[in-house]
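Got chain A; can you put chain B with the ligand on it based on the hints?
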Amino acid sequence: MIYEGRAWAVGDNIDTDLIIPARFLVTTSPEELGRHCLSGLDPSFAGKVAPGDILVAGRNFGCGSSREHAPLAIKGCGIACVVAESFARIFFRNAINQGLPVVECAKAKRIREGDVIKVDLDSGLIKNLTRGEEYPIAPYPKFIREILSCGGLIPWARGKEA
Amino acid sequence: MGMTLAEAIIARHAEREVAPGEFVEVKVDGVLANDITAPLAIQAFRALGAQKVFDPARVYLVPDHFTPNKDVKSAEQCRIMREFSREQGIVHYFEVGRGGIEHVLLPEEGLVLPGELVVGADSHTCTYGALSAFATGLGSTDIGYAMATGRTWLRVPHTIKVIWRGRLRPWVMGKDLILDLIGRIGVSGANWCALEFAGDLLPALPLDDRLAIANMAVEAGASCGLFPADEAVLSYVSGRAVRPFQPAAPSPDAAYHQVLEIDVGGITPLVARPHLPENVVPVAELEKIPIDQVVIGSCTGGRWRDLSVAAQILRGRKVHPEVRCIVIPGSQRLFRRAVEEGLVETFLAAGAVVSPPTCGPCLGGHMGVLAAGERAVSTTNRNFRGRMGHPESEVYLASPAVAAASAVLGRIASPEELRGGR
Ligand code: SF4
Chain A
1 MIYEGRAWAV GDNIDTDLII PARFLVTTSP EELGRHCLSG LDPSFAGKVA PGDILVAGRN
61 FGCGSSREHA PLAIKGCGIA CVVAESFARI FFRNAINQGL PVVECAKAKR IREGDVIKVD
121 LDSGLIKNLT RGEEYPIAPY PKFIREILSC GGLIPWARGK EA
Chain B
163 MGMTLAEAII ARHAEREVAP GEFVEVKVDG VLANDITAPL AIQAFRALGA QKVFDPARVY
223 LVPDHFTPNK DVKSAEQCRI MREFSREQGI VHYFEVGRGG IEHVLLPEEG LVLPGELVVG
283 ADSHTCTYGA LSAFATGLGS TDIGYAMATG RTWLRVPHTI KVIWRGRLRP WVMGKDLILD
343 LIGRIGVSGA NWCALEFAGD LLPALPLDDR LAIANMAVEA GASCGLFPAD EAVLSYVSGR
403 AVRPFQPAAP SPDAAYHQVL EIDVGGITPL VARPHLPENV VPVAELEKIP IDQVVIGSCT
463 GGRWRDLSVA AQILRGRKVH PEVRCIVIPG SQRLFRRAVE EGLVETFLAA GAVVSPPTCG
523 PCLGGHMGVL AAGERAVSTT NRNFRGRMGH PESEVYLASP AVAAASAVLG RIASPEELRG
583 GR
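As they're listed, the protein sequences go chains A and B. Its first residue numbered 1, the first sequence is counted upward by one per residue in our numbering. Its first residue numbered 163, the second sequence is counted upward by one per residue in our numbering.
Next up, chain A with everything else stripped away, as it sits in the complex (with noise of 0.2 angstroms):
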């Protein structure tokens, strides 16, 4: 799996109200989540990002509320991965669980915002192309790579019933 796009950056403890505040909850569809992403930090975001962009966070990505909505808003408004310096609990798993790979990576913060990168998660590598630079990231354990490449906890279930 291998993730070529422009970065998107922003900071530490980037919480599920920013990404996708509460007052848009009412749906669960991710076009219509998606265009108010992030709009908790910045309402004109969704509509800059093209699809196949690379967002990039610091310290405790999506923390707070449990809203699935977040991953969803993410995938939505066309991001293909996030790396950041660490995750929050709930936001990783729900991530995973939709297929949209989230990358914990130490030297996140080295990256800048429209730096091109290419996100190799088979080799475990970060490479920024505008930069000239490399980061290792931290390997998924075997089961999240399954869900992952199954496209999420639902295809991945289903696989295992058939």
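If you are wondering where the hints come from, they were derived from the structure by calculation, not from laboratory data. Every value quoted in this text rests on a predicted model; they were computed, and no experiment measured them. Some clues are possibly wrong.
Unchecked claim - For lysine-lysine, the following BS3-like pairs were computed, each having C-alpha atoms within a straight-line distance of at most 30 angstroms:
(1) B:K214 - B:K235
(2) A:K160 - B:K189
(3) B:K235 - A:K48
Said to hold, decoys possible - Stretch-level coverage of chain A by chain B, calculated; a stretch enters the list once three of its residues show a Cβ under 8 angstroms from a Cβ in chain B:
(4) 54–66
(5) 82–92
(6) 130–139
(7) 147–160
Claimed, not checked - Over 10 angstroms on every C-beta distance to chain B, these chain A residues come out as not near it, computed from the model:
(8) T28
(9) K48
(10) V49
(11) P71
Quick reminder that beta carbons are idealized off the backbone N, C-alpha and C, glycines included.
Chain B with the ligand alone, transformed into the frame defined by chain A:
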């Protein structure tokens, strides 16, 4: 090797020994969702191809966030949940007027018991740690899977033990204890960990205070905040428990990731300043900060003890002319008791508004949303930017004692500052 309380409960539900960091599959005793998370969970349930929930008496569905329905879209969400409940014969679906806020309601109804493992599509599911249950918040897809199978997967958390010693000062409540702890360790200080509470303070700590503490464990990133199944817990659940249960206990030789010892005698009434629960400061150290609104309610601060402490302060006093004070009993049962015992009269006489049980303003839903530039003191659990309304509004988290005193004085204040004391 010995097990912590979290490990003991998880091991029982995995039916094998477990170690921190391991991924395990467990069976669950109860599964919860609300009007925001249930529609997605039901979608996931259907996408799995499931026909029937694993047990209609162990799936709990509570419309509480945007209820009574705040607009057409939220009404549709509630309808999806109500129709699913009828279709599946869900025993514990709580209609508006017969329910309340999920985390106030489920303990009251005896639906979460010591030694159990409960999952909910709400981050504050960790509240039930107060009843010595391993309870944790998951997302909707996880909950759809759990509703269908009665099972889920967990990463066994490391445990941080918090030992509280000493006696609490006057007006210091459970809310202050948990704010103090989050102030010390930070909002990600317990990420992927469980908290386990101990110490000679516990026998003197009322159950409602423990529920407020466990409720905010997630505000330090913890998956759960567990109390031992002591006298107070067992007497609370006796007479309410809907099924037999078996408490669990940590072993004396359990291995803890970290141990924190805190002398509670040094803790004074606290607030968390905007926009993170870790921005904790003693009220006594604050400059004079004027406020526009006070909210006394939610799954953190809307229980009986919260209402009675607020009433004790508001009795015979008036809400400051420039402040709106909104009181929200956490459940229908509490609301009735508050009417019967005169608390509602006290609030109304003071010039507060009393709302039916709902999450409402806690998440900026309805019943008290903040405008740009407005500032609130709230007994809720999150003060993230925009949490209670406009992104330019501010929320200070506090105990009901501080909230009520602030409502009277029109600025953030401790009850000690009120003339005539009480
Ligand atoms: S009262 Fe607030 S924190 Fe509690 S369940 Fe409702 S929205 Fe969540």
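Hints breached by this structure:
6, 8, 11
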